[in-house]
Amino acid sequence: MTIKKFMFVNRKAPYGTIYALESLEVVLIGAAFEQDVSMAFTDDGVYQLKKGQNTKAIGIKGFEKTYGALEDYDVTKLYVDQESLTARGLTAEDLCVPVEVVSRAELGKHMEAQDVVLSF
Amino acid sequence: MIFSILVNEGPYQHQASDTAFNFAKTVLSKGHTIFRVFFYHDGVNNGTRLTTPPQDDRNVIAKWTKLAQDSELDMVVCVAAAQRRGIVDEGEAKRNGKDATNLAPGFRISGLGQLIEAGIQSDRIVTFGD
Chain A
7 MTIKKFMFVN RKAPYGTIYA LESLEVVLIG AAFEQDVSMA FTDDGVYQLK
57 KGQNTKAIGI KGFEKTYGAL EDYDVTKLYV DQESLTARGL TAEDLCVPVE
107 VVSRAELGKH MEAQDVVLSF
Chain B
13 MIFSILVNEG PYQHQASDTA FNFAKTVLSK GHTIFRVFFY HDGVNNGTRL
63 TTPPQDDRNV IAKWTKLAQD SELDMVVCVA AAQRRGIVDE GEAKRNGKDA
113 TNLAPGFRIS GLGQLIEAGI QSDRIVTFGD
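Residue numbers (the numbering used here), protein chains in the order written: chain A, 7 to 126; chain B, 13 to 142.
Wrong hints could be hidden among the right ones.
[What the hints assert, rightly or not] In silico lysine to any residue, SDA-like type, Cα no more than 25 Å apart, as pairs: (1) A:K18 x B:R97; (2) A:K67 x B:R107; (3) A:K83 x B:T31; (4) A:K18 x B:Q126; (5) A:K18 x B:T31; (6) B:K106 x B:Q95; (7) A:K115 x B:V138; (8) A:K18 x A:E77; (9) A:K11 x B:F15; (10) A:K10 x B:R97.
Everything labelled a hint here was simulated from the structure, so no lab data went into it.
Work out the full structure, taking the sequences as your base and the hints as a guide.
Structure representation (structure tokens):
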């Protein structure tokens, strides 16, 4: 099978809308199809990786653990936009998985190198 | 060029589906190919035949159905997203013990693998949504 470079760009906070959860579902299928998968987190999307999510009070199933399982699917290229992190008072230490924190210009270069960019 | 189209928002609430439709028609009129149109997130709501807009408004679903039939478009509604939102064909109704179906003609329900395949097989995949 042809292997293409897929990047999934996550722009939204995890529970206010379903985009983050359904994006994860596509990422896992992309990995199951043995594609070259990477993920980018920008804007409120950086909140998806925030450590210690507790969704009990809102009655919605939490999925922080799924990010931790990405490695098992060989999804290890996680790029986080530095400016988005800083604007929200976060650093890489606040995140639940190891990531590569990059500038917007670097993120742009990664995007340019992709065959398919899907934005959620 | 081979295109695929991803529609991520439902009809009427967002313009995304209308714009995707116009894009699809234009792509075909310019002699390009559409490998697949994939409906995800609330985009699956473009695939219910029960939609009844006011008579003086466009029928977004009927437009897609007609385009699929006229141009032999492959229009796929994501099964997981459809289950969440109550979009059901006969197979899904049987599997999940539902007493009704509402998938519009021209659409079919299938898995997310169809979206990844569209990415692999197409020169461009164009997303419409928020």
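Going through the hints against the structure:
A threshold of 25 Å between alpha carbons decides the hint, and for A:K18 with B:R97 the separation of about 20 Å falls inside it, so the pair holds. Pair hint A:K67 plus B:R107 holds up; C-alpha atoms about 24 Å apart against a cutoff of 25 Å. Restraint check for A:K83 and B:T31: not satisfied, since their Cα atoms lie roughly 33 Å apart, outside the 25 Å limit. Taking the CA atoms of A:K18 and B:Q126, the gap is about 24 Å. The hint holds against a cut of 25 Å.
In summary, the hint linking A:K18 to B:T31 is supported, as the alpha carbons are separated by about 22 Å, within the 25 Å threshold. Of the pairs offered as hints, the one joining B:K106 and B:Q95 holds, with about 13 Å between alpha carbons and a cut-off of 25 Å not exceeded. Pair hint A:K115 plus B:V138 holds up; C-alpha atoms about 20 Å apart against a cutoff of 25 Å. Taking the CA atoms of A:K18 and A:E77, the gap is near 22 Å; set against the 25 Å cutoff, the hint holds.
For the proposed pair A:K11 and B:F15, the alpha carbon gap of about 17 Å is at most 25 Å, so the pair holds. For a cut-off of 25 Å, the pair hint linking A:K10 to B:R97 is broken: about 31 Å separates their Cα positions.
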